[in-house]
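J.: Those protein sequence lines, which keep their order, are chains A and B.
According to our numbering, the first sequence holds residues 203 to 398 in order.
According to our numbering, the second sequence holds residues 22 to 459 in order.
Some clues are possibly wrong.
[Stated by the list, open to error] Listed below are the simulated PhoX-like cross-link pairs for lysine-lysine, each with C-alpha atoms no more than 25 Å apart in a straight line:
#  : chain 1 : residue 1 : chain 2 : residue 2
1  : B       : Lys95     : A       : Lys297
2  : B       : Lys154    : B       : Lys95
3  : A       : Lys381    : B       : Lys259
4  : B       : Lys202    : A       : Lys381
5  : B       : Lys267    : A       : Lys297
6  : B       : Lys200    : B       : Lys223
7  : B       : Lys267    : B       : Lys223
8  : B       : Lys441    : B       : Lys199
9  : A       : Lys385    : B       : Lys200
10 : B       : Lys199    : A       : Lys381
11 : B       : Lys169    : B       : Lys202
12 : B       : Lys199    : A       : Lys322
13 : B       : Lys368    : A       : Lys322
14 : B       : Lys223    : B       : Lys259
15 : B       : Lys199    : A       : Lys385
16 : B       : Lys259    : B       : Lys199
17 : B       : Lys441    : B       : Lys169
18 : B       : Lys139    : B       : Lys199
[Said to hold, decoys possible] Partner residues are not named here, just some residues of chain B that face chain A (Cβ under 8 Å, in silico):
#  : residue
19 : Asn66
20 : Phe397
21 : Asn399
22 : Glu403
[Unchecked claim] Chain A regions said to be covered by chain B (calculated; three or more residues, Cβ under 8 Å):
#  : stretch
23 : 282–291
24 : 327–335
25 : 365–371
No lab work stands behind these hints, which were simulated from the structure alone.
All of these numbers come straight from a predicted model, not from anything done at the bench.
Cβ atoms here follow ideal geometry from the backbone N, Cα and C, with glycine treated the same way.
Read off the chains here:
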Amino acid sequence: MKRNLRVIGVLVLVVSLSFIFVSGCAKKQVVKEEVLTKEEKATESAEAVARAKEESMLKEKALKERAMKEKALKERDILLKEAAAFKNIYFDFDKYDLKPQMREILEEHAGWLIQHPEFKVIVEGHCDERGTREYNLALGERRAEAAQNYLVTLGVAKRRLTTISYGEELPLDPGHTEKAWAKNRRAHFVVVTEKK
Amino acid sequence: MRKIISFLVFLLVFCWSCPAFGKIYIDIDSPSFQKFPMAIPDFKNLGQRKDAENLSANLSATLTEKLRITGFFKIINKDAFLEDQDRAGITADSIDFSDWSSIGSEFLVKGGFQYNGKDLSVEFRLFDVVGGKQITGKKYWGKPEEIKTMVLKFANEIILALTGERGVFETKIAFTGKKGKISNIYTINFDGSELAMVTRNKSLNLLPHWSLDGKKISFTSYIRGNPDFYIKDLSTGKSRMIMGFKGLNLSGPWSPDGRKVLLTLSKTGNEEIYVMDLARKKLRRLTYDSAIDVSPTWSPDGAEIAFVSNRSGSPQIFIMNSDGSKVRRLTYEGNYNTSPCWCPGGKRIAYEGVTNGCFQIFSIDKDGSNLLQLTFENGGCEYPTWSPDGRYLAFSAKGNGETKICIINSNGLNLRVLYKKSGLEAIYPSWSPRLKLY
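If we strip away everything but chain A, and leave its shape as in the complex, we get (with noise of 0.2 Å):
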């Protein structure tokens, strides 16, 4: 009888052990999870609404950022454009030398230049059909360079010029006169956007 109510006990025990080790496991989590739920739902609002905030002043700030570079490649564009009506300069047959005629239209275009130092340009050198075609691709490319380094001596920094010459391969006018002859002894300029 006592060897029975010992083991009555211990059972008992057990089990009451393990229905309080059970229910007290229990009653913990699901009271967790209800707090998690409220934290996460508050802070969520309070978030929310700041993050509201942070967009509206990031969106503003974005709206006046791509209108200030709307306005800048506006400008750009209105400046590329100005670029692209660079004037010719020409020379005399089988001549590199700046006619000072040449020389004040090469002036206009370094004071441009020096007030847009975004800008890079590639100086192209040209020749008439009348020359030898190998000799002219040189000559060219010495038209080119007398054009580049007057604008160096101008003041114009020699990292945005380039030169190429394309000899008498591209002419502007594809006559066969004196007229278009003249037309395309040129070094011509094109301007670009500095490459980042």
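Guided by the hints, dock chain B onto chain A, whose structure is given.
T.: Chain B only, in chain A's frame:
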């Protein structure tokens, strides 16, 4: 084509041709050279097949055409022939040479052909009409579609027997074909056949030059935007950029030993001539002058280089040693002389110069003597290039709104249009070395 040709076997069948070798019948290099009158009657059908009559005329017509373009022969019109062709044979003992000498012919080519199943054999015999004897003879076997190859092989034999050097039928001319803002490089055979494109892009491709073995072509291309130097391997079809300095990278000729190329570079801000070792890609600068230096050409022994410079005010041709030393001026006549090309014989240099407001081709001894104007075309001629035997010059000729490639004999005679196409400017010709085409 090459595969088919490898089928072709040829045999020297007539050994009594040998004594004729060594005697040069035609001194084509003499300034007083006159074309030699030759008769080429229709070939004889030596076989049984009856349906081959048009081959008789076809063989003689093809040989006539190929010999005519050499500029060495005056082929006599068939209407003038006196010989009874049904009775006469194709060997010396069956020919009455007076039939030919009386119509002014000094040379005679006779031939015959025979079908053996699907194969065709053709024999050719060249006779000295005045001496009444055969000079050379050959027989070729092949497929009927190889007639042109057989004819060209014998045309080369005729030229070898009469002039002491083979013809240049197995050569090509590279050139630039330009339309608007695009130009590509082409090649074409000496007889005007087999036009092929070497480059195919939408930029400017200029200044082709052949490697010594004829397997590569170097050129300048704007494909990357800048005029850079490229070499294309014709067997693999691959192009490679070799030099891409800022500014000009102008392609020049390959050295006679095949190991170097001449280039014009403006990387220092000044156009100068350089020599590049092809294996090591190592550059050596040859000119040091503030003027323009451009358009170099090797002497055939590689010891000297002619080039263009405006160091004396206007563009003129100069010669220097191949290490850049001892620069001396070659041309004094006229105020615009450019595009020198050194003759493979070594003595003469061809170039273009302005006369009466128009470019023409001239040649001059390397010591500045014996100046000779070779072309007199209205629209002007530019950029001469010698054939590997030095007997012809190809150049670019303008006129009637066209720019075409023409060939003349080295004495200026026998102008022939090699290539023309309306709307395409054909410029910058460059003659290949001897190739194996047939």
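J.: Which of the listed hints are broken here?
T.: Violated hints: 1, 3, 11, 12, 13, 18, 19, 20, 21, 23; rest satisfied.
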